[in-house]
Structure formats: C-alpha cells, structure tokens
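Quick note, the sequences are listed as chains A and B, same order. Counting from 542, one number per residue, gives the positions in the first sequence under my numbering. Counting from 8, one number per residue, gives the positions in the second sequence under my numbering.
For the record, the hints were derived by calculation from the structure and aren't laboratory data. Among these hints, one or two may not hold up.
Claimed, not checked - Quick list of in silico lysine to aspartate or glutamate cross-link-like pairs, DMTMM-like style, CA-CA up to 25 Å:
1) Lys37(B) / Glu559(A)
2) Lys612(A) / Glu633(A)
3) Lys39(B) / Glu559(A)
Computed from a predicted structure; not experimentally measured.
Next come the chains, spelled out residue by residue.
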Amino acid sequence: MLKGLIGKKIGMTQIFDENGAAIPVTIIEAGPCYVTQVRTAEKEGYSSVQLGYGATKPQRLASGELGHLKKNNVPPVRVLREFRVKDPQVNEGDTVSVDLFAVGENVDVVGTSKGKGFAGAVKRYHFRGGPKTHGQSDRQRGPGSNSSTTTPGRVYKGSRRPGHMGDDRVTAQKLKVVLVDAERHLIGVRGAVPGSRGGIVMIREARKQ
Amino acid sequence: MTDLMKAVQAPANENIPALRPGDAVSVHVKIKEGTRERIQEFKGTVLYTAKSGNNATFTVRRVASNGIGVERTFLLHSPRIEKVVVERSNVVRRARMYFLRNRTGKGARLKQKFNA
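Take these sequences, add in the hints, and give me the full structure.
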C-alpha cells in the first residue's frame, strides 16, 4: 500500500506528551498530494507511484509537464516525486493526504541538507586539525598529510579532502510520528529533519521498523 | 508559516501568573511515581525568566539544607506545573539575579515590594 507523501518543512518546536514531557518535533506541512502516475511491472518494468505536490501557475511548467498532469486532470504542481511501492492501491488522479500516517508509526524523511559551501576538512569530516602550540603557526585547521611517499606516489581517489559540503539528499531514518493534523495537513515527527525551513521533504514508511 | 506552528503548540499554562525576577514563589509540580501522582512543592526565588515563545522558561533558586543552592528551570507551557504562587515580590534592579548565588544568610535577603 502507498505510504508516502511530499511536504514542506515548517520548522521545529516542542510539544508535550501525555506524561507532560516535552518532546522535540519537526512540523511538516504534507500533502494533499495528487497521484500523477502509477507505474507497473508490466508497463514500466517496476512498480511505483508518482506524486505531485505544491500548487503553481500553469505558465511556470513546460508543456510536456502540463500534458503529463492533464492526462489525469491534476492541477499544475511544482514538485513531482516517485515512491517505490509494490502494491499501491491507488489510482491515477487520486488525492492522498496525511491520514496515510498515524501517531506512533515510524517514518523516514528525505530532504536536501543545508548547503555549507566549500568547507574545510575539520568541518566536513571532523578532522582534528593541527597542533595549536609548539611553534606551529599556519596549520590549526589543516587536513594534514594527504597520502604516503613514492609508493603509491598519488592521492587515493575518494580521500577525505576539503570541498563542497551540504546541499545533499539526506534521509533521516526511523522518526516517530507524534502528531497528525488532517485538517491543517500537518504531520509532526520526533527529532530533526534535513534541510532548511520551507524545504521540500519526502515522507515514507521507515525502512528499518 | 508561524501560524501553522502555533496551531500545534500547547497553550500557555493558565495557572502560572506573571513572574518577575526576585519574586519569592512556590511552584507546585506534578510528579508521577508509578501509577500514583502527587504534587511536589518547590519554593524559592525567581532568578530569571527566559522568554522565547513556546519554549519560554523560568528558573527558581532555593537554598536547601546545609546551605546548598538548588536551581530548577521550568517550562512556562508545561502541563506538569499544577500552579505557581507568588508569595512575595521584591525590589530588584536587574533582570538576572545571578548575584544571589554568591550570597548567603542575611546578605541574600531582598527588599519587599509592597505595591506590586
């Protein structure tokens, strides 16, 4: 059964559980999403559901996208995302909303992490940097040595070096759903979610239950 | 955006009156022991209030036995707080009463404010 939604991260706050304990929650405005395409093993070779989210103006979309949405009478949407589902139990043109999820379930949330720009090895990989004292003057946050000597005579590929950090697709796994507000299309998960406020996130059933 | 956040946040605890730094207060906290619930009282002086919307807190300092200072921070929105009673308001000239930590006995007294 389809268990996936596209949403927008609203921000973090804290709410209280039945014992009065404060729990950190991220509020996500999720759905309503339109089922824009159902892919099947017979036709496309694998089964999945494509969802659309976020109203937009028709002139913001390419004609191909508009035609794709028009097939199922779906209004213009900004975001399309695909969810791998074995047995979707939904039809093209359907609307899905937060009532797919219930309080107490575990979900994975996929988002795009905040971009950090070109970051050094200390920030990017938690290198320890160089010594601060004993006459060392110019290497407090340096990455140190890159490799060995004549053998191998090169830097191995994939070595951890300074470079662009963040703005990656990140999955936060196994977050507990603590709040579902069907009226306002809100869903609250315990803990943090990748990305900035207003960022687009995908919510789906937790892979590790 | 903020309206959506407010929709899910707990309303402020109505049993907490406006608190000012230096107030002598008694905080009644609900404590759960297994299945039983009881009220614990925490009496002391408000050191400071930290106001940041839904996460606002206030910190109360009391001097326990042997002159050991105990500071406890409470959430203003917490449903665990049964009530807060302001027993006495004091004349204070600062927002954060950190100087009380270095004072003991008579030096730690504050002047009462009567027209509060």
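Structure versus earlier hints, numbers of those that do not hold, lowest first
none
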